[in-house]
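**Student:** Now for the letters of each chain:
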Amino acid sequence: MRIPKRTIAQRFHVRLVGSLLILIGLLIVSNKFLRLDFNALIQNFDQFLALLKDMMHPDWKSAPFVVQPMMETIQMALIGTTVGTLLAIPAAVIAARNVITNKWITGAVRIVFNIVRTLPDLLLAALFVAIAGIGPYAGVLTLTIFSFGMITKLFYECIETIDNGPLEAILTTGGKRSAMVVFAVLPQVYSRFVSYILYTFEINVRASTVLGYLGAGGIGQQLQTSLSEFRYDQTAVIILAILVVVLAIDGVSNFARERLQ
Amino acid sequence: MDSTQYKLSKNNHLKRRWFWALLIVLVYGWGIFGINFSKVQSSAGAVTRAVLMGIVQPDWHYVYQGNGEDLVSVMLQTLAIAFVGTIISAFISIPFAFWAAKRRQRHFSVVSTSGRVILAVVRTFPEIVLAIMFIKAVGPGAFAGVLALGVHSVGMLGKLFAESIEAIDIGPSESIASVGGNAVNGLMFATLPQVLPAFASYSLYRFEISVRSATILGMVGAGGVGTPLLFAIQTRSWSRVGIILIGIIITVTIIDYLSGWLRKQLG
Numbered sequence: 001m002r003i004p005k006r007t008i009a010q011r012f013h014v015r016l017v018g019s020l021l022i023l024i025g026l027l028i029v030s031n032k033f034l035r036l037d038f039n040a041l042i043q044n045f046d047q048f049l050a051l052l053k054d055m056m057h058p059d060w061k062s063a064p065f066v067v068q069p070m071m072e073t074i075q076m077a078l079i080g081t082t083v084g085t086l087l088a089i090p091a092a093v094i095a096a097r098n099v100i101t102n103k104w105i106t107g108a109v110r111i112v113f114n115i116v117r118t119l120p121d122l123l124l125a126a127l128f129v130a131i132a133g134i135g136p137y138a139g140v141l142t143l144t145i146f147s148f149g150m151i152t153k154l155f156y157e158c159i160e161t162i163d164n165g166p167l168e169a170i171l172t173t174g175g176k177r178s179a180m181v182v183f184a185v186l187p188q189v190y191s192r193f194v195s196y197i198l199y200t201f202e203i204n205v206r207a208s209t210v211l212g213y214l215g216a217g218g219i220g221q222q223l224q225t226s227l228s229e230f231r232y233d234q235t236a237v238i239i240l241a242i243l244v245v246v247l248a249i250d251g252v253s254n255f256a257r258e259r260l261q
Numbered sequence: 001m002d003s004t005q006y007k008l009s010k011n012n013h014l015k016r017r018w019f020w021a022l023l024i025v026l027v028y029g030w031g032i033f034g035i036n037f038s039k040v041q042s043s044a045g046a047v048t049r050a051v052l053m054g055i056v057q058p059d060w061h062y063v064y065q066g067n068g069e070d071l072v073s074v075m076l077q078t079l080a081i082a083f084v085g086t087i088i089s090a091f092i093s094i095p096f097a098f099w100a101a102k103r104r105q106r107h108f109s110v111v112s113t114s115g116r117v118i119l120a121v122v123r124t125f126p127e128i129v130l131a132i133m134f135i136k137a138v139g140p141g142a143f144a145g146v147l148a149l150g151v152h153s154v155g156m157l158g159k160l161f162a163e164s165i166e167a168i169d170i171g172p173s174e175s176i177a178s179v180g181g182n183a184v185n186g187l188m189f190a191t192l193p194q195v196l197p198a199f200a201s202y203s204l205y206r207f208e209i210s211v212r213s214a215t216i217l218g219m220v221g222a223g224g225v226g227t228p229l230l231f232a233i234q235t236r237s238w239s240r241v242g243i244i245l246i247g248i249i250i251t252v253t254i255i256d257y258l259s260g261w262l263r264k265q266l267g
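Chains as they are written, first to last, in this note's numbering: chain A, 1 to 261; chain B, 1 to 267.
There may be inaccurate statements among the hints.
In silico BS3-like pairs for lysine-lysine, Cα to Cα no more than 30 Å straight-line [claimed, not checked]:
1. K153(A) with K103(A)
2. K153(A) with K159(B)
3. K102(B) with K32(A)
Keep in mind that the hints were calculated from the coordinates and are not lab data. Given the structure is predicted, the values throughout are model-derived calculations rather than measurements.
Produce the entire structure from the sequences given, and follow the hints as far as they go.
**Tutor:** Quick look at the structure:
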């Protein structure tokens, strides 16, 4: 019997050891920018525990005041997802390489989408609060742009996987490009689109719970107030409400997505 | 199918459609009319123009000043927060993943379900609340951000790790057991070699997300580029906002490309 030979690189795990060394090097460099102080963590840990203890005793009397902002949060997510989707459908069609064959157009459009996608939710919220003022408007605008960035990518990638036969059939029989999109592209992607929209809605509900922290409407406002007043017992109620709502919406949305398939 | 039966099923189909249409109308009615829209402030147009002008004419002096407060330094600090946070969470996630992974041939087990629930709760717990909690413990600054990301990412990484553990081939670990290897041997030579590339790939993916998160953690005082950004927005220095936005866009794009390339190398 022959024992399989290993190369020197395999024998001494060069790749593994090399990557570990790089990681350790990066950690040391990172610490230069962070100046991690573990002493502070150990010394103040009792404060952290006191905070946790406060949170362990939720102030149930504040629960009724959570309902209305929570509704607003879901409404913001709903409108934001819908408007974002309506904007994203035509945009995704333009970015799909099998619909628009001009590489320059798809490339340019995709660069714009990529830029939109790099911006995190709270950053957009901060900008839109400055633009539209404090309130749910800023939240809806934030979620519109946020979901637009997410949905366009999901959509154009989905459109590119469809069967090109029907598209060509319409074009060769003299149909217009608009007819091709309506009768050949959209029917093929419809059910997956709905699934993606639901998925985006889930993410938007999660995002919209914190947007209010910067003044963009919804439950985040209450979160901010309770934290700045050191009422951690109320914070606990809000967080529990967020947990319940997010998990419930995830559950419903997952169920609907499974039914769609 | 005779015609009455056909009619009946068609009828049911129609009823179902009406039901869904009505439900959607109701939900949207509630969504649109329930929300309490106040007026958009009158300066909205002017501010939007100012923000766009700020992006077109950014404050280039802020990029590098050599005092540790410039864009390059805070951007590097942001990356460092995301990096260290991801490393910490990757290590914490490994035991949680083994806890939450479903055992073979069993649909329900208390152990894995409890692990899953904990991970779902951690995933849902808002990141910025965690950051504020850690600010109480270690004071405002990058350390709080690192801890917040380190804990929050466990929710997602633990889930992804658990799924990759469930997907492994049990052949190698069975053959090790059958030639007399113990559990540690099985872990070292069968399980870990199979899951480590997936773990590394998912950690890189999470790093991409954490970089985005780290840019906003500063808005609650947990270090990184968020603090100067929020300050610039509040003081309405739009050319400063513009340069910071450009910095974030460029950094996130580069990190996404690098990480995507590395993940391809991992297979």
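**Student:** For a C-alpha distance cap of 30 Å, please report whether K153(A) and K159(B) respect it.
**Tutor:** Distance ~24 Å between K153(A) and K159(B) Cα, so the pair holds.
**Student:** Would you check the hint for K102(B) and K32(A), treating anything up to 30 Å between C-alpha atoms as holding?
**Tutor:** 41 Å, violated
**Student:** Within 30 Å, alpha carbon to alpha carbon, are K153(A) and K103(A)?
**Tutor:** 16 Å, holds
Hint violations for this structure: number 3 only, all remaining hints satisfied.
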